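A.B. asks: Order-wise, the sequence lines are chains R and G. Heads up, the first sequence is in the numbering used here, so the first residue is 1 and it goes up one at a time. Heads up, the second sequence is in the numbering used here, so the first residue is 1 and it goes up one at a time.
What the hints contain is simulated information worked out from the structure, not anything from laboratory work. Keep in mind it's a predicted model, so treat the numbers as computed, not measured. Misleading hints may appear alongside valid ones.
[Said to hold, decoys possible] Computed cross-link-like contacts, DSBU-like style, restricted to lysine-lysine with a CA-CA straight-line distance of at most 35 Å:
1) R/K93 to G/K39
2) G/K2 to R/K91
3) R/K171 to G/K2
4) R/K119 to G/K39
5) R/K52 to R/K14
What follows is the residue order along each chain.
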Amino acid sequence: MINLEKVSFYRADKLIIDDFDGQLNSGELVLLTGANGAGKSTLIQLIAGVLKPNGGRITFNGKDLSEINCKDQALLRSVCPQRRDFHLAFKVKDLTELLPAQRRSFALQNIIEALELDKLMHLPVIQLSLGEQQRVSLAIALVQESNFYLLDEPFSAQDSQSIIRIIKLLKSIANEKGVLVISHSAENLHSYFDREIKLS
Amino acid sequence: MKRAWLYLLMTSILLGLFFLSLQVGVVHLHSSIWDLIGKHDGVDAATVWEVRFPRAMGAVIAGAALGIAGALSQGIFRNPLAEPALIGLTSGSILGTIAVISSGMAAFGSRTNVESAILFAALSAFLVYWISPSKGFGFLITGIAISAILIAISGLLISISARPGIQSLSFWNFGSLSLLSSHTVRVIAPFCEFGFILALFVSRRLDIYSLGESSAHYLGQNPKRTRALAIIALAFLIGPVVSAVGTIAFVGLLVPHIVRLLVGPGHRKALTYNAFVGAILLLIADLLARMLFQPHEIPLGLITSIIGAPALIILLRVKNSQWVAHD
């Protein structure tokens, strides 16, 4: 379980997250919503350990995040950021195999098919469309074997059919793992999620 | 399979150029290289083993080091137009060299000279890293500014130094293999070797690092450690090279582009190719420097600039499918 206890975060004196309490459990698919600037991405970055909270505590299965090193954090949680810097001509296949085999998900092939990447595997990522690159980015995160998946706007550049396919994939992952999804385009998808966290 | 052929091809080119470097020069050889193996008497043997051999070895070591350093810098800045000189490594090495020579602490090409160059290179790069406001554009601008200061201090040290002959360092400053002795080659080789090994280790991290620092963190890599290790590796590659042969422009910038065209973008897979291509380019450049205006020798850095600068402009203008710039 990921637990956040009275977490607050300031950016340049501006309070972004104020005394936030919440948790993410294994086996649930959770939607994180809120207006622009409400701190949704910030919250994911705090849980992911790239930002440090100014107050409060974040724990993974009871262990304080600040005591877990980079490598071990990656065994506990995987993150799909809003943007990744694809500037080199890596093939999609290379990118899904960035991590050593023992840290990759067993479901690699399912993930690739559900994200419709099977035909793109041998193409250079920089030649793909924005939507395709977003699915590659999502694949990188989902292929990483871990307990929790934190996904920042994974649908923003996808068409409705792809969104349904991706949500079904996430749903199957959330059978065992905890999945947190930030999305703006999820109004009619509420039924797929176990619950919603609203940031104000 | 393709890789095996590529290695074989590069090794053959490298060996061919190496023997050519031993063969050609101002002094005409009367006997063949094969007859001179194991011999140490006579003008021919002295020319080949005391002058041309260390020079060719120096070209191979310096070229390989510059090629690898180029790949490492572009990887660590996630910018295909970066090179070691941009973050103060080259100017740091120059200052480190000038400081010990002008103060009389050490002779040119000595072990102390090389160690001082490595130390100053690392300190300069860490200083740039530490004081720069951001890790992107601000980093490069800070690097250029710090480099300018270090070069100015070096110039100052040269002009106030009472040591005779220090002005001849300006030749070194343009890059030349003509000052290389077998002693200097023996001094720089182990340092560069350490740099290679560290670079090999760092390159394993750079593929993940290329997706961005946050992404690297998400995938379980500490990006700060990657950067620090890269800077140390770069100092061990650049310090010895600059202290022994001066500044050789454009090799570090161009080699990774050529390698990406040959074998694709992976850092770990490409590292040894960077060493090969760098060594080959520098051997060619040195042959040109020696042969073009015989009996005059042109500074090597001038040759690499004359070839490298247009090549860079072509790379910028021609749409290159190996990378994209986000601006």
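A.B. asks: Could you run down the list of hints and mark each one as holding or not?
C.D. replies: Verification of the hints:
1. The suggested pairing of R/K93 with G/K39 is violated, with an alpha-carbon distance near 55 Å, which exceeds 35 Å.
2. Between G/K2 and R/K91 the alpha-carbon distance is near 17 Å, which keeps this suggested pair within the 35 Å criterion.
3. Pair hint R/K171 plus G/K2 does not hold up; C-alpha atoms about 42 Å apart against a cutoff of 35 Å.
4. Of the pairs offered as hints, the one joining R/K119 and G/K39 is violated, with about 62 Å between alpha carbons and a cut-off of 35 Å exceeded.
5. Taking the CA atoms of R/K52 and R/K14, the gap is near 15 Å; set against the 35 Å cutoff, the hint holds.
Hints 1, 3, 4 from the list above are not met by this structure, while the remaining hints are.
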